[in-house]
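> If you read the sequences in order, they're chains E and P. Counting from 50, one number per residue, gives the positions in the first sequence under this note's numbering. Counting from 50, one number per residue, gives the positions in the second sequence under this note's numbering.
Among the clues, some could well be false.
Which copy is meant is left open, because identical chains are indistinguishable; a pair holds if it fits in one copy or across any two.
[What the hints assert, rightly or not] BS3-like, lysine-lysine: derived pairs with alpha carbons at most 25 angstroms apart:
1) K367 - K341
2) K290 - K309
3) K301 - K135
4) K180 - K234
5) K135 - K362
6) K148 - K180
7) K309 - K341
8) K115 - K362
Don't read these hints as lab results, they were simulated from the structure.
Number of protein chains: 2
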Amino acid sequence: MASRVTLPTPPASELFMPSKPKLKITALAGGVGASKLLLGLYAEMDPSLLTIIVNTGDDIVLHGLKISPDLDIVTYTLAGIVDASKGWGFRGETFHALKRLAVYGRPNWFNLGDRDLATHIHRNALLSEGKTLSQAADSIRTALGVKSRVLPMSDNSVPTIIDSNEGPLHFQEYLVKRRAEPVVKKIRFAGVESARPAPGVLEAIRDADRILICPSNPLISIGPILAVPGIREELRANREKVFAVCPIVGGKSLKGPSDKMLAQLGHDSSALGVAKLYADFTGTFVIDPADKSQSAAISALGMKVAVLPTVMKTLAQKRNLPCALLSLSLPLFM
Amino acid sequence: MASRVTLPTPPASELFMPSKPKLKITALAGGVGASKLLLGLYAEMDPSLLTIIVNTGDDIVLHGLKISPDLDIVTYTLAGIVDASKGWGFRGETFHALKRLAVYGRPNWFNLGDRDLATHIHRNALLSEGKTLSQAADSIRTALGVKSRVLPMSDNSVPTIIDSNEGPLHFQEYLVKRRAEPVVKKIRFAGVESARPAPGVLEAIRDADRILICPSNPLISIGPILAVPGIREELRANREKVFAVCPIVGGKSLKGPSDKMLAQLGHDSSALGVAKLYADFTGTFVIDPADKSQSAAISALGMKVAVLPTVMKTLAQKRNLPCALLSLSLPLFM
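Just chain E, same shape as in the assembly:
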């Protein structure tokens, strides 16, 4: 049976003059799937208390430049410069350089806009000067005025490789070039055994008041973060603080190919299927009312279950979920 929990009521002063919650939040995030929730959190809390640990398994070297798509999606989103219709890249972007790269015979299946290229060039320059990916990410988010810390999961390169019916593919080749059409047989995070969490990652988990697992793809967005030695263990040690927002609603992905990938790898493409992947380190599993029927089964995995509208399409929905996740007074759980 699912348990019903009421969190502490804030002091009366805060009821009269509602102030932003003073919780320290650490979020684990992929890219597009996470960004709506992150943007809501960023608006509804003191953003300097938010730390985001971002998947870098998607990172790829293209044209000699290290591209970190999820770091950039998160940073551009919070900076208010993202192309909201696509969820990535710059708003009002142009692609003059990419067209010329194609003239040189370079692959152009990965969209790199002119403004976006500046980010990759800057990151590449910093890396070539011996800076770390963390330092580059911090330079970028700071320059763009993002007040929350944006940490890569690791400064080591841990490319996500999709073993498919077409052979091994870098994740971006699978997702972007091949449009998630190949059948996934196995997902590997190359070199993850010797990777270390980026500086501040374990501390951000340990020191957080609440840890949010964003509704990102559990296999290839959250999965790589969990695979970095030490991170999953640290989450387990802080399990009561971990709130995971389910990215599957009514058996379908909120965004991207999570549902298909779950099915191809023998998992249930359902809230329960995701819950099973997260049960060891998650204290509270957040599901949409559409999946309320699964709450007992999820609860049986040893997690609390919170039922909250997780689909964020309207402005109200985009505020309500982050507000609820931050709330100290609303009865969150059932």
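Given chain E, work out where chain P should sit, using these hints.
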């Protein structure tokens, strides 16, 4: 006294049906100062018989990318994509990436357009894969449809350093950032002692029917090429074939700060001043009619003197100089 020479008359068939001269031409070139003449040559001859040895002393690493301005100016010019009003960069260029690089606090005094960046990114990618600068230059000119060979003077990095009253400056800092305002005390080509001519450079000099020294800055465009061990010696050994077009007309540069730099370094800012710098390896020195009075003094240096209009502003002028330099029948010399 200057000698008067008439070159052989072509066969009668060529007089009736004028065909492009079949001379193999090798040109030594900087960037903007050379490009008008090169474009004329390219149009007036079989361009596959033209080899251009380009100054790379101007090369600079910016934002982690190796920039080769003179190679690009020559290549863009011959490809017909150059911004003719500026003499460098792409026609109709945009600068979105550069503006964003400035947001990241990166220096933006060196103009890098969005389309142009693709060239630098492509070159950088090839270099990071272990290719040479020559191979990158060939990949770029081939992709852009340039039929002439474009060779860097060396695959080694030989940055031109201007020792000035403001201290040592990279040439681009001196020229672009500081607009050639500092007083030049000395010009150095860092590391040139151990540099080698790029593959094909010495052969292109040896095998040419005619070697042209373009009207580029003698100190910082032609100078670095001459400083690469072996090149000046090879020119000397082929001195009779070397035609140098003087970049100073009436005491003034055709383009750029040549006149000022010559004066600051104690040379005459005149055709004669340049002739003295070139006398050891030049067979024929080409001066403008404006400097006809210096022909005897130049001739006394042991060179033939050709008087030809070297200012190329009108379309006719842009054709006449290359045609004269290529011509087998016109009385070139006086």
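> Hint by hint, which ones does this structure get wrong, listed from lowest number up?
Checked against the structure, the hints that fail are numbers 2, 4 and 8, while the rest are satisfied.
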